[in-house]
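S.K.: Chain residues, written in single-letter form:
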Amino acid sequence: MSNTDFVLALEDLTVSFDGFKAIDKLTLYLEKNELRVIIGPNGAGKTTLLDLICGKTRSSDGSIKFKNQEMSKLAEHQIVRAGIGRKFQTPSIYENLSVFKNLEVSFPRGRGVFGALAFKCDKAVKERIESVTAEIGLSDQLETEAGLLSHGQKQWLEIGMLLMQEPELLMLDEPIAGMSVRERELTAELLERICKNRSMIVIEHDMEFVKKIAHKVTVMHQGKILAEGPMEKVQNDPRVIDVYLGH
Amino acid sequence: MQKLRNWLVTSDLAGVIVLALVIFAVMPLTLDIFRLNLVGKYLTYGFVAVGLVMLWGYGGILSLGQGVFFGLGGYCMAMFLKLEASDPESTRIQSTPGIPDFMDWNQITALPLWWEPFRHLPFTLLAVLVVPAVLAFIVGFAMFKRRVGGVYFAIITQAVALILSVLIIGQQGYTGGVNGITDLKTMLGWDIRTDSAKYILYFVTGGLLIAAILVCRIVQRSKLGTLLLAMRDKEDRVRFSGYDVANFKIFVFCLAAMLCGVGGAMFALQVGFMSPSFVGIVPSIEMVIFAAVGGRMSLVGAVYGALLVNFGKTYFSETFPELWLFLMAALFIGVTLAFPNGLAGLYESYVKPRLARKRETPAKSPPLQGALIAESAATQRTVGRPAGSGTAAPSGSVGNATA
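If you read the sequences in order, they're chains P and A.
Taking my numbering, the leading residue of the first sequence gets 1, the next gets one more, and so forth.
Taking my numbering, the leading residue of the second sequence gets 1, the next gets one more, and so forth.
One or more hints might be untrue.
Unchecked claim - Label-pair ranges, simulated between beta-carbon atoms: (1) A:Val151 / P:Phe17: 23 to 33 Å; (2) A:Ile218 / P:Arg109: 51 to 61 Å; (3) A:Ile108 / P:Gln69: 58 to 68 Å.
No wet-lab data here; the hints were simulated from the structure.
We put the beta carbon where it would ideally sit given N, CA and C, even for glycine.
Make a model of the complete structure from these sequences and hints.
M.R.: Written out as structure tokens, the structure reads:
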């Protein structure tokens, strides 16, 4: 394919597990500063799609281009270094380390063995940690052991760890699962703030939440795209109502 | 006294200093040279245990083949010493004078080419570090890049231990076979069998061990140390934060291997021989027990673990030779079940809170000097308090300590 302005371009992406096609010839384009929400019934391949983009699962066919650079053959850490950050479904933080350390480790410097040995937590790092903790609302919890945070705070911490890396593409897998109503509101505000200068892909089931944050919605079903467009359009699509939203 | 308590509870280096006092003051003042030489031998296992704290405690990588690296370091040193002991003058009754005696017995008539460089001390000292590190790098690269870990990695290290010991025993003419390399006499003309040499070697071993602990402490406090803890906890998160996880594992495996190599070399110097009985599966597992008993999160604790288990081994194997292996097994199972963080864990959860509590109500105060000795003597007697805040620890406090 030729070069495009899209941040992320997936074309004919396919992955099969023992003949079962979890993702089947999927094509998807993501624009700069776009917040895309992917919805769909269980087993539609949403998480698998994120796994493919971040390199956790290898595609069988098709291409993944990030800023016109092919990603599908790169190692996971190279994909991260290219600017793709991914949050896992369950909070994936270092429970035994403090909030500060969790963020410090995520700072994108000293990523080699000897770089890590020589790494100094200087002013730039501390300032970034301060601004990120202010963003995720954990400023007064810097020294708290991450394992002691509430579920919602853990989710925010993981988002914060990704923000430390200033990724150009941020992928979140069900960020508000298990959160209280208040926490959901705060998360929606957080996502609105942080998508200002980056593209995002969010997987979510909560339709109220999706309405609030989505620029565009993609509905997946059986490894394929069923519908795509603004929320109102997708919501009224009879096929979507049929397989996912219900009557 | 109160100051001392404060310091023991809060200072990061307290445990290391107390250990240094035990090694450099208490042991030499209370033991005769025969026993001191034994302690020196145990301390060489301390290097292995310290390496295992980094590898297993911090990195979460259990290697059951550390004896391989201990053996390689030991053999490098033993080869140098053996060549020096095999000068043509003292081997003139052999059919080929000037080569090690076991080669002569195996009808070998010329020194193998790969033995030649070991005539030189600088090369040997380098080899003590580099040979184990290179093997660790090869094994580590092959395993960690393919994401082999956990039990599978442990089994493979066992296989490596078995392979190396079989190789050494099989290649009798080149390695001395099952007897190993024996009758080591001098190092650059300095007789290592005399009492004064044993004293000096003991202190050199102790000094190197303290230095090794400090180096490991620096690594632990760097971002690399934090990353090791993070990897143990959530490997995928580290990987998806832009780190090549395998490289960090390879590094810590090589670091542990180099420490083993130093231990092995000091062992060969102090004991005067090296044999495949320190390479195989059983000694490798014993080494893991040292670290487990001492506390796998504590550098200092691991050294006490090595000392204690070896004291026990010497004592029990003299008194109840048939029972020793069972006792050892019981010790390992008991420690793992009852106090998984070893002696250091016990210190952290029982002794340290007490010390901390007493800070508020100062007790009677003997002179500082006396207190110090008493403190370290107690450490030695009970081995129940492998002191030191930074040394020990539930991983949480380690993480926070440096924040």
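S.K.: A separate judgement is required for each hint: does it hold in the structure or not?
M.R.: Okay, the hints, checked on the actual structure:
1. Between Val151 of chain A and Phe17 of chain P the beta carbon distance is about 25 Å. The supplied range of 23 to 33 Å therefore holds.
2. At about 19 Å, the beta-carbon gap between Ile218 of chain A and Arg109 of chain P misses the expected band of 51 to 61 Å.
3. One distance hint, 58 to 68 Å for the beta-carbon pair Ile108 of chain A and Gln69 of chain P, holds here, with the actual separation near 59 Å.
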